[in-house]
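Protein chains in written order, with numbering that gives the first Met the number 0: chain X, 0 to 273; chain P, 0 to 273; chain G, 0 to 273; chain Y, 0 to 273.
Worth flagging that the hints you see were computed from the coordinates, not collected in a lab.
Warning: the hint list may mix true and false statements.
Same chains, same names: a pair is fine if it fits in one copy or spans any two.
Subject to a maximum C-alpha distance of 20 angstroms in a straight line, what follows is the list of computed EDC-like cross-link-like pairs (lysine to aspartate or glutamate) [unchecked claim]:
hint, residue 1, residue 2
1, K184, D27
2, K184, E71
3, K184, E50
4, K184, D200
5, K184, E38
Being a predicted model, the structure only gives us computed values, none of them experimental.
Residue strings, one per chain:
There are 4 protein chains.
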Amino acid sequence: MTKLTLTPRQRLYQIIFGTSTRFGQWFDIALIIAIISSEIILIISSVASIESQYPHLLVIAEWSFTILFTIEYILRLYCSPRPLAYMRSFYGVIDLMAILPAYIAFLIPGSNYLLIIRLIRVLRIFRVLKLARFLKDSNILLRSLRHAQRKIVVFFSSVLILVTVFGSLMFIIEGPANGFTSIPKSIYWAIVTITTVGYGDIVPHTVMGKALASLTMLLGYSILAVPTGIITAELNQEMKTHRGLIRCPNCATSGHEMDAEYCKKCGTQLPETL
Amino acid sequence: MTKLTLTPRQRLYQIIFGTSTRFGQWFDIALIIAIISSEIILIISSVASIESQYPHLLVIAEWSFTILFTIEYILRLYCSPRPLAYMRSFYGVIDLMAILPAYIAFLIPGSNYLLIIRLIRVLRIFRVLKLARFLKDSNILLRSLRHAQRKIVVFFSSVLILVTVFGSLMFIIEGPANGFTSIPKSIYWAIVTITTVGYGDIVPHTVMGKALASLTMLLGYSILAVPTGIITAELNQEMKTHRGLIRCPNCATSGHEMDAEYCKKCGTQLPETL
Amino acid sequence: MTKLTLTPRQRLYQIIFGTSTRFGQWFDIALIIAIISSEIILIISSVASIESQYPHLLVIAEWSFTILFTIEYILRLYCSPRPLAYMRSFYGVIDLMAILPAYIAFLIPGSNYLLIIRLIRVLRIFRVLKLARFLKDSNILLRSLRHAQRKIVVFFSSVLILVTVFGSLMFIIEGPANGFTSIPKSIYWAIVTITTVGYGDIVPHTVMGKALASLTMLLGYSILAVPTGIITAELNQEMKTHRGLIRCPNCATSGHEMDAEYCKKCGTQLPETL
Amino acid sequence: MTKLTLTPRQRLYQIIFGTSTRFGQWFDIALIIAIISSEIILIISSVASIESQYPHLLVIAEWSFTILFTIEYILRLYCSPRPLAYMRSFYGVIDLMAILPAYIAFLIPGSNYLLIIRLIRVLRIFRVLKLARFLKDSNILLRSLRHAQRKIVVFFSSVLILVTVFGSLMFIIEGPANGFTSIPKSIYWAIVTITTVGYGDIVPHTVMGKALASLTMLLGYSILAVPTGIITAELNQEMKTHRGLIRCPNCATSGHEMDAEYCKKCGTQLPETL
């Protein structure tokens, strides 16, 4: 009954923005499939050999998706009760960024520039970030990270200072003759080393340089333990709290054990999440 | 007495499928030794210099094991009370996959094709996975991983999105001139970097590229902490629960401390596992 | 009223050394901006192409900062109630080291030497370490590390012994022909491998060498878990204790849960830190 | 008084084997200094350029230490109440292995062989392992590792199976043309990749190979979390238990908090270790 009182615009809003109705869920699933498909086509079209084989097919497929997403964006603006607020929101900006590069490439002539701009279109990938809407289970992870925020900032500041100091020392020791041509490049080496990535494109050649590199590695090795410790400790606590806060739907008892599946008072099955 | 009432087929079932009788245990141990031996021969025969020295010996050894495993497979089908259910089970399929490649290579003539098919035979390695049957202590690990399942999915989705975004950005910045010939290849680079493997086969050359690579590394560095945190927190909880669930064999008291070796009520030694 | 009784020297002390007054805070913020700016100029001037373009500009900028920091150092000595104690303190030494290399380069003539000494000036980066004064939240991290101190020493001694043993074994197995020209170089390889950095500049070529390298890697892999375990366990405990020590500002109740935001007795909001 | 009743042999035993007397402690410290000095000389003499400069000096230094350690070994045999038990003990064998290679090189003539045997002398490094005697604080770490033993075995078996499977698959996909010349070499690649070392000496070249390598890396990435989780959980528990077991030296109260420094009952300072 209440359903019939909705205007077509309100219904459209329910389908496009909401996930409570069946059509709203279908729309979102279809959207995600469309986003991933357009991404796959974009990735495939970046492979030179494939693009030269099916040039028209890929262009048509890309434009179909661009037009589809444009219609979707217009409909969002139309049915939203506050279109300006939507446009300025995080998802509004991403929705626009997912279609704009295609039109910029279309409007401005000049084949060479078009090629470069087409590559910028890969930023449409940010559209995929919409997926985050579906990941409700990521809450525990995010809350742990938010709690650990300040400790992570302290940690990263220390890492940046260390990397600058070690990079500069390496620049003095090894010098441009051994590939350490400037301090920024030496800092790049220090980051590659301290994160244990170790490309091997810049490598110490002198004995002193190797000794300093060894120190950097052993330091990076032990430093790696700090963020892990921070996040584990937070996550540990978050998981305990999270479970403890769940109330039994029958008798409202809270403070259950982390692995509890049934209420300890009345045996009713507990809900998975808050 | 009850033992004598078993038919030969039932006895065979007890030996081949069971591990409760002495012969059943011996059979399984012999089987594992045979599997590992056949794997070692397969691995050795892949070394070109050794194969050219003892070509006949290795072929004979391989075929002996293939025939042995074939007989074993037929016996399993014969003695199983429900042969079709066995064939369709996980181990049934693996048991068949462990012998089939050898016969496919035998039936179809043509030396070149045979060579390729012989390599597919290395899939027989999956046979070794049977070892898992003996690892009862892996339960705690597996249960922790199962509990952390959803968090790990959330985490891996985030990693995949990040890797696609960073790979595409790198493709725009560095381009085919610096080895980033396509987006899939750039995503491969991003995975190599974010997992801190760092082969060094594809490496940024421009200043902007190096800056983005540094960001990717530092991100990968801190991201590495998340799965560790998840698994540690789950394992921590799992170990507490696991020990707490053990009941004293004498007075049936449960809820012991994780490191308890004796019952806190009556002093009876507690069993190691549930 | 009390404010007017301060001599100009005492006021200067309050501004330069203190952070309690508004001017004191502004001075410290301005100082940090100046330090980071001078560091950026130093890093930029190490890039050969940029330096050749703006040689005078960079020299002038560097000297401006050097003179600024010299005036600051003199003012610190002037207004400090105990100038000698300041000079001998950790920050006093760093403050002097941040200006001295510039003057040493100035006093001694000879262009070649000047170039080398200019590089030593990058040690001025240590000046940035003053940032640590602002990071009060780093206390939990530092206390955890201090508690874990002895375990970390034990761990690092084991790593050093392992690295020496594996490096020496690799020197015997691979030898100078395969790039392992001396034991120190082989130890360098072992550190590169056990920390999972893996530059790939020195790599085993023989079968035996590869087997030993595989063992080293798997060992390094599992060893990596030990410092993480140590720091996580300490941090876990430290965070529990830290929160438990906070007293309610209203009723002075302590022993709150780690995630408590309000006093469990009177509901007053708890302070963030001790 | 009791001291005077000791025979010279018993006194020697107290000095060489014991650490309770002042001379016993001095002897052990001197021994460690001698071991490290002989190791440094050995490491230095492996550097070709240094050895050619001071050939006699290094030979003399090496022989001095060898003779010193030989005298020490003879004295140990002489003063030990049960010389045969000492000889067969772990330290007895290491003590012999630390001097034997030098004499073997001396007795058998032939310069080429001598060179090889001299290298085997680096095994004398194991002598340094005696240091472990001084590291009593390593007990917590060792006990944690012993408790986690079975889980680590399960984990390493899984890693070995994974590495064999992925190595073989890579051998089929990439083949000898792309550097994966045999299954053992491919397994070596899989270990280099899964441990995130990533030398880059063997690297996938085909698209399929890169896809499989990406999978291997992401797997290795998440697998890395498991041993950390195991050791952290054990260490966490071990530290709690360890502290809880300490008894107050005044009132014998146990069950103190992990970070307790004073007895919660009577305020007496608690001992550091059990």
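ask   = Given a CA cutoff of 20 angstroms, do K184 and D200 count as a within-copy pair, a between-copy pair, both, or neither?
value = both (11 angstroms within a copy, 18 angstroms between copies)
ask   = Can you tell me if K184 and E38 fall within 20 angstroms by alpha carbon in one copy, between copies, both or neither?
value = Classified as between; 15 angstroms across copies, 34 angstroms inside a copy.
ask   = How would you label the pair K184, E71 (within, between, both, or neither) given a Cα cut-off of 20 angstroms?
value = For K184 and E71, the Cα distance exceeds 20 angstroms both inside one copy (45 angstroms) and across copies (31 angstroms).
ask   = 20 angstroms Cα cut-off: does K184 pair with D27 within a copy, between copies, both or neither?
value = Close neither inside one copy (45 angstroms) nor across copies (30 angstroms); limit 20 angstroms.
request  = Indicate which option fits the pair K184, E50 if close means a Cα-Cα distance not exceeding 20 angstroms: within, between, both or neither.
outcome  = Cα proximity of K184 and E50: across copies only (15 angstroms, versus 36 angstroms in one copy).
The structure fails hints 1 and 2 (numbered hints given earlier, in ascending order).
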